[in-house]
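Student: With the hints as a guide, bring both chains together as one complex.
As they're listed, the protein sequences go chains C and B. The first sequence runs -8 to 266 under my numbering. The second sequence runs 5 to 246 under my numbering.
It should be emphasised that the hints constitute simulated quantities derived from the structure, not laboratory data. It is possible that some hints are incorrect.
Unchecked claim - Straight-line alpha carbon distances no greater than 30 Å define the calculated BS3-like cross-link-like pairs of lysine-lysine that follow: (1) K31/B with K52/C; (2) K116/B with K147/C; (3) K237/B with K87/B; (4) K147/C with K141/B; (5) K246/B with K26/B; (6) K34/B with K52/C; (7) K147/C with K87/B; (8) K141/B with K34/B; (9) K17/C with K16/B; (10) K34/B with K131/B; (11) K26/B with K87/B; (12) K246/B with K86/B; (13) K86/B with K147/C; (14) K43/B with K22/B; (15) K52/C with K86/B; (16) K71/B with K238/C; (17) K237/B with K86/B; (18) K22/B with K17/C; (19) K163/B with K71/B; (20) K147/C with K26/B; (21) K22/B with K34/B; (22) K71/B with K147/C; (23) K147/C with K163/B; (24) K141/B with K117/C.
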Amino acid sequence: MASDIETKTDSKEEKPAANIQSPYFKNVRGFFEGVTLGTRFSFRFFREIIRPRYEFNEFLKQSYLIGYRSLPLVAITGFIMGLVLTIQSRPTLAEFGAESWLPAMVAVSIVREMGPVITALIFAGKVGSGIGAEIASMKVTEQVDAMEVSGINPFKYIVVTRILAATIMLPLLVIAADAVSIYGSYIGVNLKGTVSFHLFFLQVFQALSFSDVFPATIKTFFFGFTVGLIGCYYGYNSNTGTEGVGKAANSSVVFGSLAIFIIDMIAVQLTSIFN
Amino acid sequence: MESIVAEVNHIKKSFGTKQVLKDMNLKIEKGENLVVFGKSGSGKSVLIKCLVGLIEPEDGNVILFGKDITGLKESELNLVRKKVGFLFQSAALYDSMTVRENLEFPLRDLKKLPREEIDTLVLDVLKSVGLEEAIDKMPSELSGGMRKRVGLARTLILKPELILYDEPTTGLDPITSKEISHLILDVQKKYNAASIIITHDVECARITSNRMMIIKDGISVAEGTFSELSESKDEWVRSFFK
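In isolation and in its complexed conformation, chain B is listed as follows (with noise of 0.2 Å):
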């Protein structure tokens, strides 16, 4: 059971009327590549941020590396997120800050960190991104895929355990996709890191799944790879990879 990174039992999430999570569960494994795939507002991002503590659900809890999340203090709560990198749908750069500035913010905690080793570890994530260059640019000077390249740059710093991808291809060109795709599986692969990958781009799902579950109105209709969900007997499922 140790190699189980994140669980989620009978979440329940509603807004309003209007119930989008009805019954999620949810289990992922260390170095393990989780894509969530559904319609839009089939309750995808409403499922990672229940379980990163941003959304509190109504009903059952979120286990994240073996401790009960649900109704945890803030400060235990910021403890167990050092662990968890998040790259938002809107990347989410801080707009008054720098790259270098964003990518040292959430370092801001670790005192008496030498500037020189800051430096390096800004260098190096920025490096595993392919954009070193960028480092003195303001986040309005980046391009779209830059961004997110920088967003994801990040949530590496702090080396996460557990990286949430909320939608990392949208509003993308199809190459800067494909390109963002295969730095997901880098990352998986340098960093050991489990994750999960929320999108509705089959070809991002192709790329970097090692296992996939669709969503259908806040419940998990379907679990396995990429290839036994696109040759699925159920018509609705395979109807996503068309």
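The shape of chain C in the complex, shown without the other chains (with noise of 0.2 Å):
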């Protein structure tokens, strides 16, 4: 979010003005106008969500495109979480003769954590970076100018939509995600003895209280939310042709990434404070 702004110094000035030239004083100016315009580009898609004309049918095609074409990478990468967490902790629990606590165990911490946060950081990396580099190239291919001209507001249009469809879709792809992790960790318990759906299942439901399941979920939005937000910052304010396109993509993945733990970090503080 750096910005490169020139400060004319006077060669007569004293030592304030070559302070503020350092790289130190840049960078730290550059964080502070970083934040500050990522804070105005949320409010400003706050202000736009509630203004007509809803973009409903550009919504639709979003969560499309977000959520259900990430269906497959997130079962995918749940179902192996789950299945390598199972292989992963039966031999320690084994140790202390605790191997039927396997499956309210896997469930807990996939639900809690590791089924939010692996996700999320999923999605990040599918869907943030091709928020960014899709946004960008519009802007170099001058097609967000042509909506602008087209007395199109560009804004409501391609980021109120995005970050919209991404906020939604995530908790919805955790949740799927979850479930498949689940059966992953059954086929797992299954590797090595015989433990019946039904009694896994139960065991897994009964480890599972709404305190577990809620706060979890609630975290999503913030996730989904975050990761289309930076997506969405990155490439509309990306301004240095081609170049611009991969700079976006791979600062919607950094900071989408970086966000994600921070939230994380956060909720479980709140969480256990309100427990």
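Tutor: Right, here's the structure in full:
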């Protein structure tokens, strides 16, 4: 989010002017400018979302592209996550004679933490980078300008619909990933033993409580919103030709992933306070 | 004065330390083709982007259809923009939409327009650029010349009173360039729209211009017809036509 604002300095000026030119000051200033622009961008999102006209068809299209098209990747990852977690945890639990706790342990760790975070990270990699690159290339090829010239609000049509779709689709993907992951765990349990489907899921649902599911679901809305917002921000503000497309995609993934961990840390703290 | 479609008065625009437009003035009348000529980086594209409100000038004003658009609210500006067509250098077709959807897109705000009427409008403008057969193709399936034609069809669909062409022949072979230039003339005759054509293609300027303006470093340095400017006493102006 750094910006290159040149500051004219007079040679007669004293130390403070020289400090303003220092790379450290530029970085700090760039950081705060970035935060300000990002905040302004999110405020604009909330302002535009309530104003007509509502781009419902584009929202549905984006939901399909962002949500449904990500389902296979999320499902495969979820399945492997459940399977591997089960296989890796079994020996440790077996040492304590607690193998029977395997379904409960896997279910709680998937639903509370691993499902939301890993799905969100994959989402940031696939959807965040896709949004960043797509919008940036729309800017490079003047499609955003073309919309504006046609009297269509590009922010509403491009940005609002994508952020909204990301916010709503990620929780649904996490629910799907959790379900597939627990099924993967069931397969993992049955690789070295025999546990019936009914008994396995009985133990899973007995272990899970409302306080596990609710906060984990709520935080995924924030994950989705952040991934969409960061992708759109970097795409919409890219302006350095084709190089900007790569930068926008890269920054969307890097900052999107970082934001997921920060939100998760805050969410865990808040959940533990309320629990 | 009613015949004046667009007017630019003393506009200035800088990017960082570089002043791209220093003191630009321009007037265009209904049905006129004005070619703005100049070297790359002389501020031609910035000028037409200021004209349509994509870039806000630091000083001066832009009057479109008798209304000063500098500092206008987005919603008011959008109403004025409906009368302006803009053919971008890259044609700026929406990649995710078919040719038909690209052409229907600017019509979205015309509520309750019957399906048949939309289809007729789309087919009409496609016919006028000679591309009816490409209606269901994606932009990626089109050649550079075809993309420009579709881009032009999209600008024509709202029957604009002013059309801005940003380097319409750049990146095209000489034959296709000529076809596009003649198409611009046809559009002028058929729609009686005023056009500002930004170019550095001499042949395009010769075919399309009623009047020409030459820009150097953000200032208009010469104005006249193609033949007047090609025989100018100014060596620099004449050098464009060699």
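Student: Look at each hint and say if it fits the structure.
Tutor: Here is what the structure says about each hint:
1. Annotation: proposed proximity of K31/B to K52/C is violated, straight-line Cα distance about 43 Å (limit 30 Å).
2. Between the alpha carbons of K116/B and K147/C the distance comes to roughly 22 Å, so the proposed pair stays at or under 30 Å and holds.
3. A distance of roughly 38 Å separates the Cα atoms of K237/B and K87/B; the hinted pair therefore is violated under the 30 Å criterion.
4. Of the pairs offered as hints, the one joining K147/C and K141/B holds, with about 27 Å between alpha carbons and a cut-off of 30 Å not exceeded.
5. Proximity of K246/B to K26/B is assessed by CA-CA distance (about 27 Å); at most 30 Å being required, the pair is judged to hold.
6. Straight-line distance between C-alpha atoms of K34/B and K52/C comes to about 41 Å, which puts the hinted pair past the 30 Å bound.
7. A threshold of 30 Å between alpha carbons decides the hint, and for K147/C with K87/B the separation of about 22 Å falls inside it, so the pair holds.
8. Annotation: proposed proximity of K141/B to K34/B is violated, straight-line Cα distance about 34 Å (limit 30 Å).
9. Under the criterion of a C-alpha separation no larger than 30 Å, the hint pairing K17/C with K16/B is consistent with the structure, at around 29 Å.
10. Annotation: proposed proximity of K34/B to K131/B holds, straight-line Cα distance about 24 Å (limit 30 Å).
11. Note on K26/B and K87/B: the hinted pairing holds, with a Cα-Cα distance of about 27 Å set against a maximum of 30 Å.
12. The suggested pairing of K246/B with K86/B is violated, with an alpha-carbon distance near 39 Å, which exceeds 30 Å.
13. Taken as a hint, the K86/B and K147/C pair is honoured in the structure, with Cα atoms around 18 Å apart against an allowance of 30 Å.
14. Between K43/B and K22/B the alpha-carbon distance is near 16 Å, which keeps this suggested pair within the 30 Å criterion.
15. Distance check on the hinted pair: K52/C and K86/B sit about 26 Å apart at the alpha-carbon level, within 30 Å; holds.
16. Among the hinted pairs, K71/B with K238/C is inconsistent with the structure: their alpha-carbon atoms are about 40 Å apart, more than 30 Å.
17. Proposed proximity of K237/B and K86/B is contradicted: the alpha carbons are some 41 Å apart, above 30 Å.
18. Taking the CA atoms of K22/B and K17/C, the gap is about 21 Å. The hint holds against a cut of 30 Å.
19. A distance of roughly 19 Å separates the Cα atoms of K163/B and K71/B; the hinted pair therefore holds under the 30 Å criterion.
20. Of the pairs offered as hints, the one joining K147/C and K26/B is violated, with about 34 Å between alpha carbons and a cut-off of 30 Å exceeded.
21. With a C-alpha separation of about 33 Å, the suggested pair K22/B and K34/B falls outside the 30 Å cut-off, and the hint is violated.
22. Taking the CA atoms of K71/B and K147/C, the gap is about 26 Å. The hint holds against a cut of 30 Å.
23. Restraint check for K147/C and K163/B: the C-alpha separation of about 25 Å stays at or below 30 Å, so the hint holds.
24. With a C-alpha separation of about 27 Å, the suggested pair K141/B and K117/C falls inside the 30 Å cut-off, and the hint holds.
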